[in-house]
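Novice: For the protein sequence lines, the chains are A and B, in the order given. Residues in the first sequence are numbered from 1 upward in steps of one, following this note's numbering. Residues in the second sequence are numbered from 1 upward in steps of one, following this note's numbering.
Please note: incorrect hints may appear among the correct ones.
[Stated by the list, open to error] In silico lysine to aspartate or glutamate, DMTMM-like type, Cα no more than 25 Å apart, as pairs:
{"no.": "1", "chain 1": "B", "residue 1": "Lys168", "chain 2": "B", "residue 2": "Asp124"}
{"no.": "2", "chain 1": "B", "residue 1": "Lys9", "chain 2": "B", "residue 2": "Glu61"}
{"no.": "3", "chain 1": "B", "residue 1": "Lys168", "chain 2": "A", "residue 2": "Glu195"}
{"no.": "4", "chain 1": "B", "residue 1": "Lys192", "chain 2": "B", "residue 2": "Asp238"}
{"no.": "5", "chain 1": "B", "residue 1": "Lys168", "chain 2": "B", "residue 2": "Glu153"}
{"no.": "6", "chain 1": "B", "residue 1": "Lys168", "chain 2": "B", "residue 2": "Asp143"}
{"no.": "7", "chain 1": "B", "residue 1": "Lys128", "chain 2": "A", "residue 2": "Asp274"}
{"no.": "8", "chain 1": "B", "residue 1": "Lys192", "chain 2": "B", "residue 2": "Glu224"}
{"no.": "9", "chain 1": "B", "residue 1": "Lys192", "chain 2": "B", "residue 2": "Glu7"}
{"no.": "10", "chain 1": "B", "residue 1": "Lys168", "chain 2": "B", "residue 2": "Asp238"}
{"no.": "11", "chain 1": "B", "residue 1": "Lys168", "chain 2": "B", "residue 2": "Glu145"}
{"no.": "12", "chain 1": "B", "residue 1": "Lys110", "chain 2": "A", "residue 2": "Glu150"}
{"no.": "13", "chain 1": "B", "residue 1": "Lys9", "chain 2": "B", "residue 2": "Glu224"}
{"no.": "14", "chain 1": "B", "residue 1": "Lys128", "chain 2": "A", "residue 2": "Asp158"}
{"no.": "15", "chain 1": "B", "residue 1": "Lys110", "chain 2": "A", "residue 2": "Asp274"}
No lab work stands behind these hints: they were computed from the structure.
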Amino acid sequence: MKSRRNILIVIAALLALAIITPFSSSYVITLITHALVFAILAMSLDLLLGYTGLPSLGQAAYLGMGAYLTAILASNYGFGLGWSFWAVILLGMLLGAATAAFFGLFAIRATGVYFLMITLALGMCVWGLAYRWNSLTGGDNGINLPPRPEFGISLANDVTFFYVVFGFFVFTLATLYVLVRSPFGRTLEGIRERELRMRILGYNTWLHKYIAYIIAGAFGGLAGVLWAQMNGLVSPEDVILTTSVDALLMVVLGGPGTLVGGAIGAAVVTFLRDYLSTLVHWWQYVLGGVYVLTILYLPGGLIGIPERVRNWRVRRGRKAAVPSH
Amino acid sequence: MTEPVLELKSLSKSFGGLHAVRGVSLQVMPGDRKAIIGPNGAGKTTLFNVVTGVLPATSGEVRLFGENITGWAPHRRTAAGMARTFQITSLFPGLTVLDNVLLAIGGVRKMKFVMWRFLSSYRDLYEKARGLLEKAGYWDRRDLEVRNLSHGEQRQIEIILGLASDPKILLLDEPAAGLASGESREMAEFLKRLDSSLAILLIEHDMDVVFDIAEHISVLHFGELVEEGPTEKIRASDRVQQIYLGTG
Chain A
1 MKSRRNILIV IAALLALAII TPFSSSYVIT LITHALVFAI LAMSLDLLLG YTGLPSLGQA
61 AYLGMGAYLT AILASNYGFG LGWSFWAVIL LGMLLGAATA AFFGLFAIRA TGVYFLMITL
121 ALGMCVWGLA YRWNSLTGGD NGINLPPRPE FGISLANDVT FFYVVFGFFV FTLATLYVLV
181 RSPFGRTLEG IRERELRMRI LGYNTWLHKY IAYIIAGAFG GLAGVLWAQM NGLVSPEDVI
241 LTTSVDALLM VVLGGPGTLV GGAIGAAVVT FLRDYLSTLV HWWQYVLGGV YVLTILYLPG
301 GLIGIPERVR NWRVRRGRKA AVPSH
Chain B
1 MTEPVLELKS LSKSFGGLHA VRGVSLQVMP GDRKAIIGPN GAGKTTLFNV VTGVLPATSG
61 EVRLFGENIT GWAPHRRTAA GMARTFQITS LFPGLTVLDN VLLAIGGVRK MKFVMWRFLS
121 SYRDLYEKAR GLLEKAGYWD RRDLEVRNLS HGEQRQIEII LGLASDPKIL LLDEPAAGLA
181 SGESREMAEF LKRLDSSLAI LLIEHDMDVV FDIAEHISVL HFGELVEEGP TEKIRASDRV
241 QQIYLGTG
């Protein structure tokens, strides 16, 4: 019953977002679209971090794969500027999945800090390629994309583009939600809780982690395609370690193992970074402070606040009830 | 003659120069209740780890229903009818009692790879979990997170998880570890109520539990089987007394 109520809250929030956003200023619309793209990346990472217990520090690699694919196809071959945009979406997800399938062979053997280190190294490999392979990636300058695709609707219109990204966000959220509630998704939680027991219970845990890693890679690729179209420029800056760290912090900040938490984290980080930075030059201290406070006082992330408040009220209610006896 | 469920043929395990298990041979027939006893460090848990595939064997063979499974991964052994429990409780602490059991049942089913359907839509799985939990008296506590149960209760859930894959042989690694004497009597009763066709191989320190459940006992000392026989014989053996009292 509780989960049904939570689903209703999420649907209400999504509807509100879809209705209110078009009436905002174009700056806010861009900000929200930006946050939604990173929410997709954060949710893909949450599948690994929150559900499977694999702290990946290389999720930007898949974003980079999707983004560079989009940019190269668009600027070199003029592909993906009409209806073929949908083919690019599919190709981006496939490339993200394929890259994860390759990287997973190295990464999935490790757990904990070692997994973190290996994914970090693999992520840096992608960054290195983006930075050094001048003829393909444009090196440090990156690649400028032609105007956004047009197929009946024009994605160059920020409101239209917002709705497209919003649609992909909802698609990702719904798909991953079904996934984590499925028998397969529950096995990931079992692996997070105690992998050895899962093996003894008859699960090939390596395979389950590997599949989860590939799925996360596919959604990372999707975020990449959208990011390229959103930003209009793809450069090594996008695949650098900071992006991976950001994604990880978004999940931790919002609340790992909840999917929606990753989206909340993405929203908070994006707004602090893009909005606050226009107001004050010490915005990074605010971001740092939010991280530290969350980790110290809200191990379940921002999404855990309502629960905490409820518990606090119950406790206070009980305390108040005691003296009357 | 019926085929043994589990057969160990001169099974050994070394860690560098340390020979933790040395040439252990053992047969477990359907419905057998056998126990392995031995002082701390005798190699009992290592033996279990080799039998279940958590550790690779150095030499020797493990046979399940006559098939050589020595090199198999743990999950394949489970699918073939072997289950075990752990001396140190190895449950999924953050999941509910019901989810723990559902995971245990799902381990040997194909649906564990299904991603497009909610787990809660598998009625048969829930019925099975309900059956297991009702029999053990945990159905009304199914929504509690396992970490909130007492140690004694966790030990029982540990065994329910072992039973969930419908094993033909159950390896119990000190089921009464850390239990108070009243609780371990309860545990012995619980184990005696299990299906009599299920073969059980038990490691245990609590002699009351061992003598209560096992019909046949093997004594492990420095990795070797030094005595075996019916429970009464082992109970009366001078050698075993010596090993346990330290003069051996």
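Novice: Between Lys9 of chain B and Glu61 of chain B, is the straight-line Cα distance small enough, at 25 Å or below?
Specialist: Within the cut-off at roughly 5 Å; holds.
Novice: CA of Lys168 of chain B to CA of Glu153 of chain B, is that 25 Å or under?
Specialist: Holds. Lys168 of chain B to Glu153 of chain B sits at ~24 Å (cutoff 25 Å).
Novice: Does the alpha-carbon distance linking Lys128 of chain B and Asp274 of chain A stay inside the 25 Å limit?
Specialist: 53 Å, violated
Novice: Checking one constraint from the list: CA of Lys110 of chain B to CA of Asp274 of chain A, max 25 Å. Satisfied?
Specialist: This hinted pair is violated, its Cα atoms lying about 47 Å apart.
Novice: Take a quick look at whether Lys192 of chain B and Asp238 of chain B sit within 25 Å of each other, Cα to Cα.
Specialist: Between Lys192 of chain B and Asp238 of chain B the Cα gap is close to 28 Å, so the pair fails against 25 Å, i.e. violated.
Novice: Does Lys168 of chain B pair with Glu195 of chain A here, judged by a C-alpha cut-off of 25 Å?
Specialist: 23 Å, holds
Novice: Take the C-alpha atoms of Lys9 of chain B and Glu224 of chain B, compute the straight-line distance between them, and say whether it is at most 25 Å.
Specialist: Roughly 13 Å between the alpha carbons, so the hint for Lys9 of chain B and Glu224 of chain B holds.
Novice: Taking 25 Å as the top limit, are the C-alpha atoms of Lys168 of chain B and Asp238 of chain B close enough?
Specialist: This hinted pair is violated, its Cα atoms lying about 34 Å apart.
Novice: Is the straight-line distance between the alpha-carbon of Lys168 of chain B and that of Asp143 of chain B 25 Å or less?
Specialist: 29 Å, violated
Novice: Mind checking the alpha carbons of Lys192 of chain B and Glu224 of chain B for me, to see if they're no more than 25 Å apart?
Specialist: 28 Å, violated
Novice: Check the hint pairing Lys168 of chain B with Asp124 of chain B against an upper bound of 25 Å on the C-alpha distance.
Specialist: The hint holds at about 21 Å.
Novice: Are Lys110 of chain B and Glu150 of chain A close enough, with their CA atoms no more than 25 Å apart?
Specialist: Since the Cα atoms of Lys110 of chain B and Glu150 of chain A sit roughly 44 Å apart, the hinted pair is violated (cutoff 25 Å).
Violated hints for the displayed structure, listed by number in ascending order: 4, 6, 7, 8, 10, 11, 12, 14, 15.
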